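Chains as they are written, first to last, in our numbering: chain D, 8 to 288; chain Y, 8 to 288; chain U, 8 to 288; chain C, 8 to 288.
For the record, the hints were derived by calculation from the structure and aren't laboratory data. Computed from a predicted model, the values in this text were never measured in an experiment. In this text, a Cβ means the ideal position worked out from N, Cα and C, and glycines have one as well. A couple of the hints might just be wrong.
[As the list claims (entries may be wrong)] Here are the simulated lysine-lysine pairs, DSS-like style, with alpha carbons at most 25 Å apart: (1) U:Lys104 - U:Lys88; (2) U:Lys88 - C:Lys88; (3) Y:Lys164 - D:Lys88.
[As the list claims (entries may be wrong)] Some chain U residues flagged as far from chain C (calculated, every beta-carbon gap over 12 Å): (4) Ser8; (5) Tyr12; (6) Asn83; (7) Ser95; (8) Gly163; (9) Ala168; (10) His182; (11) Glu183; (12) Tyr186; (13) Pro201; (14) Asp270; (15) Ile272; (16) Arg280.
Number of protein chains: 4
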Amino acid sequence: SKFAYVRDFELPDNLLLGTFILLRIDGHSFPQILIASHRFTENHGFAKPNDIHIILAFGQSDEYSFLFRKTTMMYNRREAKITSIVCSLFTSSYIMKWHTYFPTTTPLRYPPCFDARIVLYPGIREVRDYFSWRQTDAHINNLYNTAFWALVNKGGKSTRAAHETLRGTASSQKHEMLYSQFNINYNALTPAQPVLSNGTVADAGKVSLVQDVPRTNSYGSLSSVPVPLHSLVGPEGDVVSPKLREKHKTGQESTRIALLHCDIIGDEFWDLRPYLWVEDC
Amino acid sequence: SKFAYVRDFELPDNLLLGTFILLRIDGHSFPQILIASHRFTENHGFAKPNDIHIILAFGQSDEYSFLFRKTTMMYNRREAKITSIVCSLFTSSYIMKWHTYFPTTTPLRYPPCFDARIVLYPGIREVRDYFSWRQTDAHINNLYNTAFWALVNKGGKSTRAAHETLRGTASSQKHEMLYSQFNINYNALTPAQPVLSNGTVADAGKVSLVQDVPRTNSYGSLSSVPVPLHSLVGPEGDVVSPKLREKHKTGQESTRIALLHCDIIGDEFWDLRPYLWVEDC
Amino acid sequence: SKFAYVRDFELPDNLLLGTFILLRIDGHSFPQILIASHRFTENHGFAKPNDIHIILAFGQSDEYSFLFRKTTMMYNRREAKITSIVCSLFTSSYIMKWHTYFPTTTPLRYPPCFDARIVLYPGIREVRDYFSWRQTDAHINNLYNTAFWALVNKGGKSTRAAHETLRGTASSQKHEMLYSQFNINYNALTPAQPVLSNGTVADAGKVSLVQDVPRTNSYGSLSSVPVPLHSLVGPEGDVVSPKLREKHKTGQESTRIALLHCDIIGDEFWDLRPYLWVEDC
Amino acid sequence: SKFAYVRDFELPDNLLLGTFILLRIDGHSFPQILIASHRFTENHGFAKPNDIHIILAFGQSDEYSFLFRKTTMMYNRREAKITSIVCSLFTSSYIMKWHTYFPTTTPLRYPPCFDARIVLYPGIREVRDYFSWRQTDAHINNLYNTAFWALVNKGGKSTRAAHETLRGTASSQKHEMLYSQFNINYNALTPAQPVLSNGTVADAGKVSLVQDVPRTNSYGSLSSVPVPLHSLVGPEGDVVSPKLREKHKTGQESTRIALLHCDIIGDEFWDLRPYLWVEDC
Ligand SMILES: Nc1nc2c(ncn2[C@H]2C[C@H](O)[C@@H](COP(=O)(O)OP(=O)(O)OP(=O)(O)O)O2)c(=O)[nH]1
Ligand SMILES: Nc1nc2c(ncn2[C@H]2C[C@H](O)[C@@H](COP(=O)(O)OP(=O)(O)OP(=O)(O)O)O2)c(=O)[nH]1
Ligand SMILES: Nc1nc2c(ncn2[C@H]2C[C@H](O)[C@@H](COP(=O)(O)OP(=O)(O)OP(=O)(O)O)O2)c(=O)[nH]1
Ligand SMILES: Nc1nc2c(ncn2[C@H]2C[C@H](O)[C@@H](COP(=O)(O)OP(=O)(O)OP(=O)(O)O)O2)c(=O)[nH]1
Ligand SMILES: O=P(O)(O)OP(=O)(O)OP(=O)(O)O
Ligand SMILES: O=P(O)(O)OP(=O)(O)OP(=O)(O)O
Ligand SMILES: O=P(O)(O)OP(=O)(O)OP(=O)(O)O
Ligand SMILES: O=P(O)(O)OP(=O)(O)OP(=O)(O)O
Ligand SMILES: [Mg+2]
Ligand SMILES: [Mg+2]
Ligand SMILES: [Mg+2]
Ligand SMILES: [Mg+2]
Ligand SMILES: [Mg+2]
Ligand SMILES: [Mg+2]
Ligand SMILES: [Mg+2]
Ligand SMILES: [Mg+2]
Ligand SMILES: [Mg+2]
Ligand SMILES: [Mg+2]
Ligand SMILES: [Mg+2]
Ligand SMILES: [Mg+2]
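Put together the whole structure using the sequences plus the hints.
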């Protein structure tokens, strides 16, 4: 898509050849972990209201993106520190919440893991294009998956044959195939399953570093795979009002995170959230 | 200690100021995770006998160090890829094995997490000094903790007062205090608890990327904290013989990892393992 | 000064310890150099009207700053390429123009050299603050030098004693000293020697990569040290009009570079040059 | 060639997109330059006997390679500092010595310039392979040029036609062509012009940062292009003896640099110079 240029901002980080690579993992604030009776919210640095680093999160497929404040000095902006700690905490939360969000699914049989990287963007334009790029990817995946499972479940094809049939087809051809072969009007379908088509965006003016897993799903057997991100939503389930935000700042109120499956490519989403770009948010 | 110079090989990785930090986490080989019936060993790339990346591991306190082959091309030596995936897999394994290794301990109440970094060393000398540096740290910690808990458990001091008493004391002063006040001969004590004093080193000619957690302990209430690394040991529990190594290479035998609590500062440990420095190991 | 924070954008670039450093210098577009009869403007890539990389330059003391277009893809933005080539070309021009600008000065007795570095700034605010920082430095240097030479030439002090006298004095103390001891009103003095106080800014809508040396001077024996940057000025010696810029773009006119010794801390200079921030300039 | 793998040690250094690039050049030890009566050797930091950074240099075509001591802490190993200063000093020396080495050649009409980069190599093997790679390049260039000028000067071809004829030909084909068409036995020719075939290596146990230009030539009109590197040779013109080296260390003797056009791919050159790899050389 036209947004894919944001990928060009990624810089290579290949390590010098011919040298030993020594990787040290160090427990993060480890004594806290061991004092098991302490409450996470009391102990964990990320949760301090005046220490908001992540201002937006977006999940689709098996990937999750987190936008940090431009002026964050988290870990003095040390790349490996941020990358590894966020990735590790995410992994950790993902596992510990697995049963809560997938109670009917098989328990985890072996340890899942994630890769992580940081890319820097100098301006709002590139940040918005980044999220557009990822949501466009969700659209593409969802259309593909819809067509794929129609071929398999309704068309009786093997998964291999279904992939073969779809290889190289344009978006319009998939729409056409869904309609002519299976009488599915894709455009009428998607509003009913926005999480699949749009992914999930988490916004609370602030997003605390997620004990709960921002997990979205746009794949296969839908009913059996709930969306873990829902747990991040506050009682009212909606975008935190400026008033509420104020309370958070003064510590009177804990954070509410809204989970949305809306379009984030158009202007509307962003026009409603000018606070995202306020430096001292 | 005299080994601490290896720290100077760490290079800063602070990120450019005034730019947005965008962190993307991506599920690693995710379809494998979802096909829960598949066995990890069949699915997971790290486990291939001809694809050995990590050749030595050392754990002490809440930290674990992994030495990669000099010529490894794992993830094309991309720093963020290696750092984040190893850190994430380690985190994941740590949680999933928690109950196995700490059956009598309180279950995890909130997600633990780890930071990770890569440091490059150009030669064997620096690699050895690195491990000496970390084992020296284990010695220092163990002596401190022994003195600390003596003051608390036997001397009746509060933890605060115990820290106060020990602040700034030299190694010899701690030995002296243990002996005169509590009749403890520290040097006679440590051989009986090598894991505390020396940490744990895992070596199998190859170390597969640890489903099991290399966890060592040199702190407090010892009896209640078993050493998870033991699970990595094969049936015979000893260092893999060259013959066995050959079998691994030809795929006839699965990997055995030896867990040792021996000295790694002197030459003996290394003289016994010339295979560590063989490029095509 | 309050602008000095821009320094924090500099990132460390220390090289890994314990490795050999191999530096290769390669003649740039070398065949061109050897075909001595060819005119530089015909041969040199930088001079192409549609290939404007540097949009502003500022010189003071022995330092020169060059601002590149945000979107420049010069040498694919490879840091070492840009740094070394610009630094080398600058050095080269500096020497070859030495006699032209300093005809009465001793010829160069040994090779001068410059260091160079690149710092990235994500926004206009930081860029302006960078230039303010450097001009403030020129102010500070000029006041110091004025006081220093007054003490030496009029006060009969040795250079050592003059430095001693000035060490640690505030700006106001230097003003006061100049007035009370030497009857010099510093503020009345500076408008007559703007190059000393303000440095020199070179702007032409475009600044071709300077055959002529942007050399400014705010030191010592003024009359004997002319300002080489003057050679960069076109026949009319003034800021290039938008109309002229247009002609440059269409290739009808060669570039004129204006040399100014004006204030660049206030808004006026920048308000007159909106074209600096136009991406496709 | 089989040595070209050393190129893979180069790491990319592309700068973040969408950010302004600010390049500052700063006169290096500038007051020294201005005190024109001072002698370079007295003033210049590189020349101190106990401050030897570069231990070997090799030049061929328009490129020059400098090997630094593994343990050098020159400019605290800051990449941009080293790259730019060495490149700038080299450029500077190149121009100022132009007339001395090319007295009959046209004076420089416009400023030459060089790019520079640093590549790190962790071991001696890679360092040797690096130099082998560059000398192999000299061989290839010389054979090409010999064939090229034979076609032009003896075969009456235009330069364009000569390039056309040679495009894609193997080494053996060029040998054959030289022999059959022009009766030139290339292998008999090269010993008489070693500088062309082998390039020039400068070694003195130490190589001071070259006021004199290590310039080699393996191109065209030979007689008119002398080899500037000769000026680096001491009175005796040979490799500095260990005894002499000792004197240099104690400051009793100034440095002599030997210029050689010998083979550096085989072992002999290196076996004679064990001091290159002695850390405290
Ligand atoms: N009770 C107990 N404490 C341990 C054990 N292993 C490590 N610790 C504690 C001792 C230290 O306070 C701490 C490790 O020191 P660190 O320098 O890594 O500090 P911490 O993890 O708190 O902060 P960090 O995020 O790494 O900067 O964990 C254990 O097995 N039992
Ligand atoms: N069945 C199912 N599959 C999913 C779901 N979410 C993601 N996936 C699958 C679809 C894709 O095959 C895969 C994600 O694509 P990736 O490009 O991230 O590939 P993968 O994770 O295999 O490899 P990687 O280690 O990221 O290079 O995970 C889900 O909720 N259900
Ligand atoms: N006539 C003549 N040509 C030479 C001499 N030394 C080098 N050259 C030429 C041969 C090649 O065309 C060129 C060096 O090749 P490069 O790959 O460095 O190309 P060039 O410097 O043009 O471009 P670059 O900026 O380095 O990418 O210089 C010499 O002594 N005499
Ligand atoms: N006499 C005289 N001195 C000047 C002139 N321009 C600059 N300078 C002197 C003033 C300072 O001592 C020096 C510039 O200060 P720097 O901080 O750049 O120091 P320097 O170049 O000595 O060392 P560096 O290699 O840059 O760390 O050059 C000039 O036009 N005339
Ligand atoms: O975390 P510390 O204090 O034990 O020491 P470190 O790991 O060297 O410091 P950092 O984690 O800040 O790199
Ligand atoms: O950087 P990589 O190799 O993980 O590549 P990617 O851009 O994440 O693409 P993919 O979806 O193939 O992992
Ligand atoms: O300049 P070239 O083409 O001889 O080859 P290179 O120096 O390896 O290429 P670059 O200068 O682009 O790094
Ligand atoms: O980066 P350095 O060491 O050159 O330091 P600087 O900021 O240029 O300061 P100085 O004027 O001392 O060179
Ligand atoms: Mg730490
Ligand atoms: Mg820790
Ligand atoms: Mg994915
Ligand atoms: Mg990926
Ligand atoms: Mg994935
Ligand atoms: Mg620790
Ligand atoms: Mg090149
Ligand atoms: Mg060249
Ligand atoms: Mg200066
Ligand atoms: Mg400086
Ligand atoms: Mg200077
Ligand atoms: Mg070249």
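Status of each hint after checking the structure:
1. U:Lys104 - U:Lys88: Satisfied, since the Cα-Cα distance of roughly 24 Å is no more than 25 Å.
2. U:Lys88 - C:Lys88: 14 Å, holds
3. Y:Lys164 - D:Lys88: 36 Å, violated
4. Ser8: 16 Å, holds
5. Tyr12: 14 Å, holds
6. Asn83: 6 Å, violated
7. Ser95: 4 Å, violated
8. Gly163: 22 Å, holds
9. Ala168: 18 Å, holds
10. His182: 26 Å, holds
11. Glu183: 28 Å, holds
12. Tyr186: 29 Å, holds
13. Pro201: 21 Å, holds
14. Asp270: 20 Å, holds
15. Ile272: At roughly 17 Å from the nearest Cβ of chain C, Ile272 (chain U) sits farther out than 12 Å, so the non-interface label holds.
16. Arg280: 15 Å, holds
Hint check: violations occur at hints 3, 6 and 7; the rest are consistent with the structure.
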